[in-house]
Amino acid sequence: MTSTGPRWVRYASGAVMAVVLVALPFMFPAFRVNQFVTWMCLAVAAAGLNLLTGFNGQISVGHGALYGLGAYTAAILVTDSGWPMLATPVAAAAVCFVAGVVIGLPALRIKGLYLALVTLAVATLFPALVEQFSSLTGGSSGLSLVVPQDDCPRGRPECPVRWESPIDGLASDQWRYFVFLAVTVVMFIVVANIVRSRTGRSLVAIRDNEVAAEASGVNVSRAKILTFGTSAAIAGVGGAMLALNNGRVNPTSFTLLVSIYLLVAVVVGGAATIVGPAVGTVVAGLFNDVIAPELPGRFENAAPVILGVLLVIQMLLAPNGIVGQIRDLQARIAARRHGGDPGGQTGHLATPGGTGTEPEDLGSASGT
Amino acid sequence: MNDFLEVVVVGIGNGAVYAMLGLGLVVIYRSTGLLNFAQGELSMFSTFIVWTIWNAGVPLWLAILGGMAGGFLVGILLHQVAVSPLGDPHEKPLAVVIVTIALFLALNGAAQLIWGTVDKRLDPLFGQSQVTIGGVAIQWQKIGAVLVLVALATGFVLLFNRTKLGLAMRAVASNSESAGLCGVPVPRILMLGWGLAAAVGTVAGVFTAPQLGLGTNMMQLTLIFGFAAITLGGFDSLIGAVVGGMVVGILSAVVPQYVSTFERMPLAPAFILILAVLLFRPQGLFGSKEVQRV
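Each protein sequence line maps, in turn, to chains A and B. So the first sequence is numbered by this note's numbering: it starts at 0 and just counts up by one. So the second sequence is numbered by this note's numbering: it starts at -12 and just counts up by one.
Misleading hints may appear alongside valid ones.
[As the list claims (entries may be wrong)] Rough simulated footprint, nothing fancy, chain A against chain B, three-plus residues with beta-carbon under 8 angstroms:
{"no.": "1", "region": "33 to 44"}
{"no.": "2", "region": "71 to 81"}
{"no.": "3", "region": "134 to 145"}
{"no.": "4", "region": "162 to 175"}
{"no.": "5", "region": "188 to 199"}
{"no.": "6", "region": "209 to 220"}
Hint data in this document are derived by calculation from the structure and do not stem from the laboratory. Note that beta-carbon positions come from the ideal geometry of N, C-alpha and C, so glycine has one too.
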């Protein structure tokens, strides 16, 4: 998808990935499968953030708030309005698109580090907003997703959402895994198509040089606002998925830390690459859910220290993230084979808004 | 009327703390041109150093000096190891955001690792007593905060405008390349900027801790208020940080008191302020205008 390697390498790696994704729920216990589903939700939100920050160069430290907005939209629609569960991500996308456009409007004038500051404030504000409007959101005690059903335990009229598998031999956690996997794959295909379209190329052009893009006939304001909206909508879908998976929402699930982890996932996986956010989310998930709990008691809190140190090291040594680094490597190998100039060394993080357009970036964005 | 005045006094007290944190942010912005998202955690960390020294039986004011020295060293270390190798922050804003956020995570985790997750108690520097002026009760601690703020701001203004070191710092801020050619040791000046910012952050932490309890998350909200302060005052203006801090402090104390929508979100007025200033007057009240070359 994102590599510049030969065609068969791409197909082979895609096939391996598909096999692994299908096999995973049969290889791990239910609680792990549930964690994988949570990673999918985060990966979708990270893919949305990547569209904005990676491809378009607008830094958001506030996507945790949009993720939360999507989650609350889904929860309120299921519980208060009795919507069918799988319709809520669409509604969450619509609500978050509007919210994204509203944030995107000031972002036309506020750029770079200053936009990071404003979105950081949005992220910090979100849990307080939830508590302020507690009649709608349930305040600090959160909101459970309940649906009216006839056969609820103890004769109650409503009970928590359930994922009953319609296929024999597939446990409910495995069924849910595949439903969510399908949604996740669809969202990544959506992002890939946006990036490879004419619009996607204009996003990259704006990131690399706004004035030049404007001069080439790109409607910069319109593109930037729509990107913000679309990015927010995708993050909202991720949030709605999270709400449906957990069966409840809580303001503490959408603190500044979530925004930070989304950004970390994008950068670690590879900003401005299609699968980068997914790779980054898996790495962050492995770190947080698998490795960190194994740390000995006294060093339980060492996880953020290790993460912080690793991040600094990564930014200094491999600023293009895992996927970006692999791509650079492939480009270098290809260049050596053809005896040409290695063009893949400059990175997105190294020179966004830099001196000029990078053929490598535009090429990969158009899907070569 | 007295109720209102009392709320204002609370606001001024908080504002003084925001302004102190803002001073650190301005010093870093002026020397290295970046918004330091780890400034709050840096100041939390050095406040824990103060607590450790104080807890060992050293008088508080002496412990604060020790904490400032400790913060200074931590600031210098972080700049040398993580920030300086990145190069020009405005060329790659995402890298700067990620690195300062990484420092944020690391410092927060390190503090939890060293001092645990239970809040510590730090006595107020100016005691618990209060004085009543015109029917309004004012804690000495608040008056002290304002006095310390004035002293710090004066110190920084004198440093920047009256000393050779300050001249060098201003030269580096305005054009680091030319400054380097004139013999100013640019890397050392930048490093010093981070150290100074961390040291002044210590004082902000020392005034926050008695109010909120000395915990690893105590500075996260304060940081946003500090950013609101320097956004209003202008990112590169010391006086702006002081004035901005006061305005933000008073606003976020008064507005939630009288506007029920903001009852549980003292942060909301500060946020609206940040947004409005960046939209309509990005250089703030006292800042210098940013000129962009195309």
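To see whether the hints hold, each was checked on the structure:
Judged by the Cβ-Cβ criterion of 8 angstroms, the region 33 to 44 of chain B is not covered by chain A as claimed, because only 0 of its residues qualify and three are needed. Here the region 71 to 81 of chain B counts 8 residues with a CB under 8 angstroms from a CB of chain A, which clears the bar of 3, and the coverage holds. Counting residues of the region 134 to 145 of chain B whose C-beta lies closer than 8 angstroms to any C-beta of chain A gives 0; at least three are required, and the coverage claim is violated. Counting residues of the region 162 to 175 of chain B whose CB lies closer than 8 angstroms to any CB of chain A gives 0, so the stated coverage by that chain is violated, three being the minimum.
Figure legend: the region 188 to 199 of chain B, annotated as covered by chain A; annotation inconsistent (0 residues with Cβ-Cβ distances under 8 angstroms, at least 3 required). Against chain A, the region 209 to 220 of chain B contributes 4 residues with a C-beta closer than 8 angstroms to a partner C-beta. That satisfies the three-residue criterion, and the hint holds.
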